[in-house]
Amino acid sequence: MSQYVTFSLGGSLYGVDVTRVQEALRSHVRTRVPLAPPAVAGLVNLRGQVVLTVDLRPRLGLEPLGEDAEPMMVVVQVAGEPVSLLVDEIGDVMEVGPETFEAPPETLDAALRPLILGAHKLDGRLLLVLDVDQATAA
Amino acid sequence: MEDMDEIVREFLVESHENLDQLDQDLVALESEPGSRSLIASVFRTIHTIKGTSGFLAFSRLERVAHAGENLLVELRDGRRSMDQATTDVLLRLVDTIREILRAIEVEGGEGGVEIDAVIAAIEAIQAIEPGAEPAEEPAAPAAAPVAEAPAAEAPVAAATPEPAPAAVVPAPAPAPAVEALPAAAAPAAPAPSPAPAAPSPAPAPAPAEELGTLRGGAADASIRVDVDLLDALMRQVGELVLARNQISRLAGGTDDVDLARSAQRLNLIAGELQEGVMKTRMQPIEHLWSKMPRMVRDVAAACHREVQLELSGGDTELDRSLLEAVKDPLTHLVRNAVDHGIEASEDRVAAGKAPKGVLGLRAYHASGQVVVEVADDGRGIDPEKIGAKAVQKGLRTADQVASMGQADLLQLLFLPGFSTAEVVSNVSGRGVGMDVVRTKIEAIGGAVEVDSTVGRGTTWRLRIPLTLAIMPALTVECSGDLYAIPQVNLLELVALDSQRSESGIEHIHEAAVYRLRGELLPLVSLSSVLEVGGERPENAVIAVVQSDQQRFGLLVDRVLNTEEIVVKPLSARLKAIGAYSGATVLGDGHVALILDVQAIARRALAGELDVAARDAHESATAAAVRDSQQVLVVGIGGGRQVAMPLASVARLEHVQADQVEYVGGREVVQYRGTILPLARLDRVLGAYGSEETSELLLVVYSRAGRSVGLVVKEIVDIVDDDSARHSDIEDAGLVGSTVLGDKVTELLDVRRAILAADAAFYDERPEHRSTYDDLPTQVGGSELVGATR
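Taken in order, these protein sequences are the chains called A and B.
Quick note: UniProt numbering has the first sequence finishing at residue 138, numbered continuously throughout.
Quick note: UniProt numbering has the second sequence finishing at residue 789, numbered continuously throughout.
Derived by calculation from the structure, the hints in this document are not laboratory data.
Idealized CB from N, CA, C, for every residue including glycine.
Worth double-checking, as some hints may not be accurate.
Chain B is faced by these chain A residues, among others (derived, beta-carbon under 10 Å) [claimed, not checked]:
#	residue
1	V33
2	P38
3	G42
4	L52
Taking the hints into account, I'd like the entire structure generated from these sequences.
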C-alpha cells in the first residue's frame with residue numbers, strides 16, 4: 001500500500017509520496033527571483049528558513065492561477081532541502097494499493113511524461129502520482 | 001602548565017580522548033573478537049601514541065606503546081585471536097599509558113612510572129602459542145605481573161589510599177562499578193566489566209582534584225565541540241539577530257520607554273552573543289602557518305632555492321570555514337613564490353642580493369577584513385612579459401596590451417589559461433593558475449591583489465572577510481522588491497535629484513552614465529539587469545559599487561537602511577542564475593535576495609573587467625586634466641618638444657612600424673577595426689634628424705567616430721601649462737611657445753596637425769573638444785571610441 005498526500009491542480013488530483021512531505025500550509029508572502037526559470041515562484045520565509053517555491057502550474061502546462069486565488073503550499077523534501085510546491089487545494093492523505101496503479105498512457109505529452117509516474121484508478125477519478133524530484137528540477 | 005609546550009599539550013588532550021575510545025573499543029572487541037575495524041582502530045590509536053611519544057622523546061611511553069603495538073599487529077594480522085587475557089593486558093596497557101600521560105601533565109616528564117611489569121605481561125601473552133586454548137593457564141602468567149601493578153603505580157597515584165594488591169585479572173564481575181571499593185577498582189581496569197570507564201579513571205580522582213585546583217588539567221581547559229553544533233549555534237544566533245532587528249524596528253516606532261530600554265538591552269546582549277559565538281568558530285591562521293615551513297623547505301629543495309621563511313600575524317583569527325577555503329590558494333601562492341618568484345642563489349648574488357631569498361607571510365586585520373600577504377624578494381613579475389604572453393596565448397591583442405598600464409598587465413595573470421611558467425615543473429604549473437586562486441577567493445567574498453617590482457619582488461595580497469555567516473548590508477528597493485547589497489562592495493550613495501535636471505543621467509547611445517565628480521560613472525539599472533521592468537522613480541539612488549577592478553553605479557529605486565543580515569544559502573539552481581550570492585530574512589520577515597555584485601558586473605558590463613578598469617583609469621586621467629589645464633609634452637625628434645592640450649587626447653597607443661599601411665599615399669594603421677590615419681608630427685612641424693624606429697608612438701584623437709593618430713617620438717611628461725608665459729612666436733603648425741620644465745616647448749596647433757592626417761576630420765560639426773571621455777563599457781562595438789559632451 002502507498003500513502004499519498006493529495007492536492008488538486010487545474011481540476012486534476014495529484015499525489016505525492018507521504019514520506020516526502022514535510023508539511024502543508026497556507027501560502028506565504030513570496031519574494032520573486034528575477035531571471036529565474038518560470039517555474040520558480042519565489043522564496044518564502046518558513047520559520048526563518050529561506051525556502052524555494054515552485055509553481056507546479058507552469059510545470060504541468062497549466063494556465064497561471066487567477067490573481068485573487070490563493071494557492072496552498074506543500075513543502076516537500078528534495079535532496080535534503082525543503083522545497084515548497086504551489087497547489088490549488090490540499091486534499092486528504094490517501095492510501096491506495098498497487099493493484100489500482102497504471103503507468104501513464106502513451107498519449108501523454110512528452111513534456112509531462114517525466115513528471116507523472118502514473119495513475120491510481122480511484123472511484124470516479126484518477127490520482128496522478130507526481131515525481132517530486134522531476135517536478136522541482138526546474 | 002603555562003610553560004608546557006603547546007605540542008605536548010595537544011598531544012595530551014588528544015591522547016586522553018583516544019584512550020577513552022580505546023577502552024570502549026577493547027571491550028567491544030571482546031564481545032566481537034573478529035571485528036577487523038575495531039582492531040584497526042585500536043592499533044591506530046596505539047600507533048599514533050607511539051609515534052608521537054617517540055617524536056616528543058617520551059621513551060617510556062614509547063616502549064610501552066611499542067610493546068602493545070607488537071601484540072596488536074599479531075591480532076590485526078589474524079595470527080592471534082582476541083581473548084580475555086589479551087583484553088586484560090591491553091586494558092592494563094591503556095591504564096599504564098594514562099599514568100604516564102598524567103605524570104607528563106603533572107611533572108612535565110614521564111617520572112618514575114613503572115612500565116616493565118606491563119611490558120612483561122604483554123610479552124607473556126605473546127609467548128603463548130597463538131592457537132593454544134586461552135583458558136586458566138594462559139591467564140595465570142598474565143595475572144602475576146598484574147598483581148604487581150598497583151605497587152608500581154603507587155608513586156603516581158600516591159593519593160589513593162592503600163591500593164589493594166588483590167586484583168585478580170580474569171574476574172568477570174558483571175558490575176564492578178557498583179560494588180567496587182575505590183581501592184579495588186584502582187589497579188588497572190579489570191577488563192570485562194560492562195562499564196570499563198568506571199574503573200579506569202578511578203586512580204585519577206585524587207590527583208586530578210588536586211591538580212584541578214592548582215592548575216587545571218589540559219583536558220579540562222578546552223573541550224572539543226562538534227562543528228555541526230557550532231554551525232547550528234551560529235544559525236540560531238543569526239535568527240536571534242534577525243529577531244533583534246525586528247524588535248529594534250518596533251521599538252523605534254513607539255514612545256514606550258520601557259520597550260525601548262529592553263530593546264536596547266536585547267540589542268547589546270545579542271551583539272555580544274553573536275560576537276562570542278563567532279569567536280568559537282575563529283581559528284588563528286597559525287594553523288595554516290604551521291604547515292608552511294615544511295612545505296617551503298620541500299619546495300625550495302625541489303627547485304634548488306634557498307629560502308628563508310618569515311611568518312607573522314599567526315594569531316590573526318579567521319572563521320574556520322574561511323580558513324579552510326584559504327588553504328589551497330595560499331598553498332598555491334607560496335609554491336609559486338618559491339618556484340617562480342625567488343631566483344636561484346647564483347642569480348641572486350649576481351643581482352646583488354643575499355643568496356637566500358626571503359618569503360614573508362603576513363596576516364593582519366584591515367577595515368573589517370583579514371589580509372594575508374605572500375611577499376617574496378625575488379625577480380618580480382615583468383609586465384611586458386605578461387603582456388607578450390597574453391598576446392601569444394591569444395588572450396589579448398597586441399594593441400590592447402600595448403595600451404595597458406603596469407597594474408593592468410599584472411591583472412592579466414588572473415585570466416583563465418594564463419601561466420607564465422616557461423617549463424611546467426613539478427611544483428607549480430600543473431594547471432592550477434592564478435585564475436583558480438582568484439575564483440576561490442572570490443567565492444568566499446574576498447579579493448586578490450598583486451604588486452610587483454621587477455628585480456625587487458612580488459607581493460600577493462588576499463583580502464578575506466572575517467566571516468560569511470553574518471555581514472552588514474544595504475537594503476535597497478527595486479521595482480517593489482527588496483535586495484541586499486553587501487557593504488563591502490559599496491563605495492557611496494548618490495541621490496538623484498529630479499528637480500535639478502542638469503545633475504541627471506546622461507546617455508551614450510543606450511549606455512547610461514553619470515557625472516560623478518567630473519568623471520563618467522557607468523550606470524547599471526538594477527531593474528533592467530534583473531529584467532523586472534518598472535519605471536524609474538523620480539528620486540532614484542545610485543549605489544556606487546566596486547566589483548573587483550570595476551566601479552559602477554547601480555541604479556535602484558530607493559535605499560532603506562543598513563543592517564546586519566544573516567546569509568542563507570540559495571539552492572544551487574538559483575545560484576546558477578549568476579546574480580545572487582544568497583538570501584536573507586529581513587527584520588520584517590520578508591525574504592530578500594543578496595546581490596552578487598561581481599556577477600552583476602559581469603552580466604551588465606559587456607567589456608571585460610580589466611579592459612574596463614583601464615578605461616576607467618584613463619577617464620580618471622582625463623578628468624584630472626580637465627580640472628587642471630594640463631598639457632601633454634611630447635618629443636618629436638631633433639631635441640624639440642611640443643605640447644598639446646591633454647584634454648583632447650583620446651589615448652596613447654604603440655604600434656609596430658610594419659603595421660603601417662598606405663591609403664592613397666597617406667599612412668594609416670588598422671586600429672580597433674577602423675582605419676586610423678596618421679600624421680608624423682616631425683614632418684608636419686619640419687623637425688628632422690629623427691631616425692626610423694620599429695615602434696611608433698601614437699597620440700590618438702577621436703571625434704564623432706573618426707580618429708587620427710599623431711606620431712611622436714616620445715612622451716615626455718604631463719605638466720601644468722601656465723598660459724601667462726606663452727610667447728607668440730609662430731611657425732607653421734604652432735600656436736605659440738612656452739617654457740615648460742626649463743625647456744622651451746612649442747604649443748601645437750592640434751587642429752592643423754589633425755587636418756594634416758585627415759583633412760575631413762572636422763568636416764561636419766567643428767567644435768571644441770575639451771570634454772572628451774571614454775565610452776562606458778556597455779557600448780560594445782568598435783565604431784565608437786569616445787564621445788564628446
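Hint-by-hint comparison with the structure:
1. V33: 6 Å, holds
2. P38: For P38 (chain A), the interface hint is violated, since the closest Cβ of chain B sits about 12 Å away, which is over 10 Å.
3. G42: 8 Å, holds
4. L52: Holds. Min distance 5 Å.
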